[in-house]
Amino acid sequence: MSEFRVVHYINQFFGQVGGEEMAHVPPEYREGKVGPGLALEANFKGEAVIVGTVVCGDSYFNENMDEAKETILAMVEKAKPDLFVAGPAFNAGRYGVACGAMAAYVKEKLGIPVITGMYIENPGADMYKTDIYIISTRNSAAGMRDAAKKMAALALKMLKNEKIGASSEEDYIPQGRRVNLFEKLRGSERAVNMLLQKLQGKPFTTEYPMPDFDRVPPNPPVADISRAKIALVTSGGIVPKGNPDHIESSNASKYGRYDIHGVMNLTSDTYETAHGGYDPSYANADADRVVPLDVLRDFETEGKVGSIYEYFFSTVGNGMAVKSAKAFAEDFSKELIKENVQAVILTST
Amino acid sequence: MKLELGYIPIDNIKFAERSYVEGSTLYVSKEELSEVLMQDENILGLNFAIALPGDNTRITPVKDVIEPRVKVDGKGGMFPGVLSKVDIAGSGRTHVLKGAAVVTTGKIVGFQEGIIDMSGPGAEYTPFSKTCNLVLVITPKEDVVQHEHEYTVRMAGLRAAAYLGELARELEPETIETYEFLPLLESIEKYPDLPRVGYVQMLQSQGLLHDTYVYGVDAKRTLPTLISPTEVMDGAIISGNCVSACDKNPTYVHQNNPIVHDLFKRHGKDLNFCAMIITNENVYLADKIRSSDRTAEICGYLKLDGVIISEEGFGNPDTDLMMNCRKISDKGIKTVVITDEFAGRDGSSQSLADADPSCDALVTGGNANEVITLPRMDKVIGTEAYVGIIAGGWDKNKAEDGTIQVELQAITGATSEVGFGYLSAR
Amino acid sequence: MVKEIERAGIPVVHICTITPISLTVGANRIVPAVAIPYPLGDPALSKAEEKQQRRKIVLKALDALSTEVSEQTVFDME
Chain A
1 MSEFRVVHYI NQFFGQVGGE EMAHVPPEYR EGKVGPGLAL EANFKGEAVI VGTVVCGDSY
61 FNENMDEAKE TILAMVEKAK PDLFVAGPAF NAGRYGVACG AMAAYVKEKL GIPVITGMYI
121 ENPGADMYKT DIYIISTRNS AAGMRDAAKK MAALALKMLK NEKIGASSEE DYIPQGRRVN
181 LFEKLRGSER AVNMLLQKLQ GKPFTTEYPM PDFDRVPPNP PVADISRAKI ALVTSGGIVP
241 KGNPDHIESS NASKYGRYDI HGVMNLTSDT YETAHGGYDP SYANADADRV VPLDVLRDFE
301 TEGKVGSIYE YFFSTVGNGM AVKSAKAFAE DFSKELIKEN VQAVILTST
Chain B
350 MKLELGYIPI DNIKFAERSY VEGSTLYVSK EELSEVLMQD ENILGLNFAI ALPGDNTRIT
410 PVKDVIEPRV KVDGKGGMFP GVLSKVDIAG SGRTHVLKGA AVVTTGKIVG FQEGIIDMSG
470 PGAEYTPFSK TCNLVLVITP KEDVVQHEHE YTVRMAGLRA AAYLGELARE LEPETIETYE
530 FLPLLESIEK YPDLPRVGYV QMLQSQGLLH DTYVYGVDAK RTLPTLISPT EVMDGAIISG
590 NCVSACDKNP TYVHQNNPIV HDLFKRHGKD LNFCAMIITN ENVYLADKIR SSDRTAEICG
650 YLKLDGVIIS EEGFGNPDTD LMMNCRKISD KGIKTVVITD EFAGRDGSSQ SLADADPSCD
710 ALVTGGNANE VITLPRMDKV IGTEAYVGII AGGWDKNKAE DGTIQVELQA ITGATSEVGF
770 GYLSAR
Chain C
776 MVKEIERAGI PVVHICTITP ISLTVGANRI VPAVAIPYPL GDPALSKAEE KQQRRKIVLK
836 ALDALSTEVS EQTVFDME
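Residue numbers (this note's numbering), protein chains in the order written: chain A, 1 to 349; chain B, 350 to 775; chain C, 776 to 853.
There may be inaccurate statements among the hints.
What the hints assert, rightly or not - Calculated cross-link-like contacts (lysine-lysine; reagent style DSS-like; alpha-carbon spacing at most 27 angstroms):
no.	chain 1	residue 1	chain 2	residue 2
1	B	747	A	202
2	B	618	A	198
3	B	652	A	202
4	B	539	A	241
5	A	184	B	479
As the list claims (entries may be wrong) - Looking from chain C toward chain B, a few residues come up when the C-beta cut is under 8 angstroms (computed):
no.	residue
6	784
7	794
8	795
9	801
Simulated from the structure, these hints should not be mistaken for lab results. Glycine included, C-beta positions come from ideal geometry on N, C-alpha and C.
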């Protein structure tokens, strides 16, 4: 089997053009490997070869990004590589941005695997980590040996279409997608070890950092609720009996839209729950316990509310991915806006 | 409290005229076992099957898994308060048919129950592909309602495990492990320089197929309490739950709680394992507040230095977990939590329903939404009729060639939150 | 879901039992419910009492929808 072809991107400093005073130089293409390419190629262990190197000044790239990207892309394309590698950029900000931008662009335009490496606090890491694999490196070129080894290892996996492991296995910066892996120690033992580290004041790494939850500012209140059209939405899985849309009992992939025109309450003969996360017997006996249609119909008659929107929306919140929930709500909210619904009552179990 | 666990290794099960153990083979008489189980009038039909590691076999829908054991010395019998008279478990000697398990299956009760594959890709995710399983396929009488059905199946599993365990009474164990849990003051006196570590185990207690029993008491009707870990090792806690089977603890996992085992391993060396607290995960907010308050109060009262908290389930129990973590951390106690994740099929969604900044040391059992393709199996014990409606399945998830796609959450024990498995996520 | 409805510009009230989760997911108007399997009911009550209780919770929700809030607010029952 012939060797894989690799094109490497580096900045003016690693290309031995010069330091900051030469950061303005435009991209140039050189045959073969240059500077850090030696370490990378050594780690390819004969399975891949660096056929060409693009050297570009950091200021030039960042100040002329669109043009630089096109010029470099043409250089890369001409070399017909199987993989594009950039950096590692360590903690050099403009270099990191250039590596990330260029790698993401080559991936998009040429559809070949790409890889780069940088320090986690490099601004390029945050900008491009979800698009491409960025090996997590030390913050200075002293980490070159380690970085080259890890970048080359992951590059070879991509070239050979092997399964890419989780970030902790391959040492790339987490991409915001959780990836399963089998650890060497079982969970309980990992927990005991983590606790001992924490008790001794030693460093430990949580397996799941707490997320930041974003907020939406509250809308102004309904001016006159007695004249408002109100819609009912539930994550409690209330569906017409028999679950006609086959909404899943956990991590539902869809939501239902059900006509309640003329329906005065939800009885055990007509409605049930598809939710798999709680004891369903109470909701099955009387679904008004989850979707309070009966009292809202009374309020409609009594003039406490204007009207009830003639469809209700339902899905199963059990084990539901936040993303799905978001997509469902975005979807049906359009209809609610169009139909002049002024308020929503959302019930959850 | 001192407990000796005597292990008799089992690596095969065969049906026979009478029940006995010879070498490492467990021989089971269907007739004798039927007689024991048919005392339950709610059972209409009963079948037995054997599933061994490596078999081209799938068991589904799985309700519970139980390890066969017998109490040979010390207080109480098997599963006190449930099968035998109420008593305190956890001292004396218990014999274990190590490597054997009773698995219950049969008609579905709710949207519940898991899958155990004995070989193939699914087998890597369930610990019960490595045990020799005697499977009970139970058909209830037609008029049996959901709650009774669950009870019938639960009791049948426990009875079968006790019946098989009895065969080990006179056997000489190959290995004996001894676990001693001292009174708090003695323990502190013995290990004055070691950090005092506790284990807070959260028990599912949300209703049908989500319940757990402590000495026969439904955990939802309990306040958090101290318990000796040897009691837990000796059958004090049994499972009545299996919905989203990936992260519910079958009785087998309670009997072999890995956190208890791994804390004992470091006990007297790196830490002083001096407290275990069990608490619940109820459906009322007031209960969640009350239980987490009480749990934190106990931890504070004992002046623990560190605590491991394990969750059971996901969704609203994530709130119980975060409340426990925050309130215990607020006492100045170092915490580590074990949970699992529901991050969506592509892993890019929020993993937990709740979060708290105090929860900075977390061990995960992996993303339960990940999809796995299970190949067709030559033999199915139970039925595949429900693989589309159990939690983790979806409509028409079985292809014409017999392969089934499910999320890992449908696989029994796949994302264990007591750390019974090796799966994790980043 | 609640956040996307709010984002779409419609005031929304979230009736749920586990209000801490509602706060975490970012609901702005929250009304506490009874229990997870029956947020707006209680099988221990008579049918009439149960409906009366449900009326109270829904009235509270209507009240929440009519109230100006500047931050996440839980509308507890008196």
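(request) For the pair supplied as a hint, residue 747 of chain B and residue 202 of chain A, confirm whether the alpha-carbon distance does not exceed 27 angstroms. (result) violated, 49 angstroms
(message) Does residue 198 of chain A sit within 27 angstroms of residue 618 of chain B, going by the straight-line distance between their CA atoms?
(response) holds, 16 angstroms
(request) For the pair supplied as a hint, residue 652 of chain B and residue 202 of chain A, confirm whether the alpha-carbon distance does not exceed 27 angstroms. (result) Satisfied, since the Cα-Cα distance of roughly 21 angstroms is no more than 27 angstroms.
(request) Verify the interface restraint on residue 794 of chain C: the C-beta must sit less than 8 angstroms from at least one C-beta of chain B. (result) holds, 6 angstroms
(request) Verify the interface restraint on residue 784 of chain C: the C-beta must sit less than 8 angstroms from at least one C-beta of chain B. (result) At 23 angstroms from the nearest chain B Cβ, residue 784 of chain C fails the 8 angstroms test, so the hint is violated.
(message) For residue 539 of chain B and residue 241 of chain A, compute the direct alpha-carbon distance and say whether it is at most 27 angstroms.
(response) Cα-Cα ~63 angstroms, so violated.
(request) Verify the interface restraint on residue 795 of chain C: the C-beta must sit less than 8 angstroms from at least one C-beta of chain B. (result) Since the shortest Cβ distance to chain B is 5 angstroms, the answer is holds.
(message) Against the 27 angstroms threshold, does the CA-CA distance of residue 184 of chain A and residue 479 of chain B hold or violate the hint?
(response) Holds. Residue 184 of chain A to residue 479 of chain B sits at ~17 angstroms (cutoff 27 angstroms).
(message) For the restraint on residue 801 of chain C, tell me whether the closest CB of chain B is nearer than 8 angstroms.
(response) violated, 11 angstroms
Going down the numbered hints, you'll see the structure goes against 1, 4, 6, 9, while the others check out.
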